[in-house]
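When you get a sec, could you build the whole thing from the sequences and use the hints?
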Amino acid sequence: MSAAVAAEPRERTAARLLAPDPSPLPRRSRRELLAEIEASGLTGRGGAAFPTARKLATVARAHRPVVVVNGVEGEPASWKDKVLLAQNPHLVVDGAVVAARVVGAHEVTFAVGRGNRSVRTHLERALAERSDGVEVHLETVPDRFVAGEESALLNFLNGGPAKPTLEKPYERGVLVQNVETLASVGLVARHGAAWFRQRGTADEPGTVLVTVLGAVRTPGVAEVELGTTFREVLQRFGGLTAFPHALLVGGYFGTWVRAHDVLDLPLTNVALRPLGARLGARTIAVLPLDACGVAESARVLRYLANESAGQCGPCVFGIPAMADAFERLDVDRLRRLAPLVAERGACAHPTGATRFAASAAGVFADEIERHRAGGCSGAAHPPMLPLGASRDWR
Amino acid sequence: MKIRVNPILCDGYGQCAELLPEAVRLDEWGYPLLPAEPLPRTLEPSARRAVAMCPRLALSLEEKRR
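Chains as they are written, first to last, in the working numbering: chain A, 1 to 394; chain B, 1001 to 1066.
The hints are simulated quantities; they were obtained by calculation from the structure and are not laboratory data.
Hints may contain errors.
Below, in silico cross-link-like pairs of lysine-lysine (BS3-like), each with a Cα-Cα straight-line distance of 27 Å or less [unchecked claim]:
1. A/K168 / B/K1002
2. B/K1064 / A/K168
3. B/K1002 / B/K1064
See below:
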């Protein structure tokens, strides 16, 4: 019977975002393009999942709108934007040009992280090959965790440090859009909303890029359909290399979940909601049973504390206090700190760190007990989750 | 009306908690914890005073929109 199954032409994995397409963009009116993007149901792929058409429509009402292409990806455990920019930069530029047309912008600024030279080279080469009739700039941004937050990015591009502000750029005529979102805009402009909706689910349509690391055979980036089960997603990365204990879903602002609570769920926000998790920018880290979730989480929490922009008291003092409590295995203190830290900063940093810490304390409760008794399940396992190293804000 | 704080401006002077103790608590680092609910009318005069006296001008009042 397996032959019959294999013969089914499902083509679930055909590349779209990562497949270069040299055909020219069809010329369509602003109104048509916006209607098509709206009908596609596309949402922001940078993590917030905000409806793209609504953001475009808001910026289109501004006096002199500009477009900022956000390829900063300051999260050390996410590589999907870098891979997209290196592998298929023209599709990102297509999307940026379409977005500029829709909002009526004549100026597009591409922003990428400073650390990865090859990403910049690929993008520069692609830009040099085009003439889209828009003014194009390319800026490199410090590789800090919060530098890609849209108000932080705008602050940096305006000559300040890459630190968040209380501004909402889209209310000020600045469209800051993630590179993968724009690549999807490019696909919708080329193939239409109905085509886009052939993949994914009715409520969460399309394909997305995921970064998978940890206990899989070939960690990296792949394009998958929304609604694919987590188990199938991990198969795309060569499958598991060890018995899985927990998955970190959504990167360092994300949530630890027990592997067997999530492996058979579809990759959608609606499926994750009962677990208190969200896809975010779709980083999935697979923690094997022989690694230590407490040690991994303590390292990340300390890193997040050091990545505070140093502006808001509850973040400056609160995340280090959470990291201290976590290192001391003081779960009660961690629980008491949560409402003093979450939702109390200018950006989502303290909220994200609180979510991460709370989920770690929950999922690794047994391992915390083991540590209290002087043990550790992963003493022999090297650290799995990568941390950033940049110290620059400008 | 609601009282709000700009967390970037706030440096934790704590004046607001002295001028509006009915509504403002300070966390363990001295930063204000503000009620999510609208303030009752009786607290509005002291809330306005707290906003005006904040050394960092970090507080604001949000009038109820209809």
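Against the structure, the hints:
1. As the CA atoms of A/K168 and B/K1002 are separated by approximately 21 Å, the hinted pair is consistent with the 27 Å bound.
2. Taking the CA atoms of B/K1064 and A/K168, the gap is about 21 Å. The hint holds against a cut of 27 Å.
3. Among the hinted pairs, B/K1002 with B/K1064 is consistent with the structure: their alpha-carbon atoms are about 8 Å apart, no more than 27 Å.
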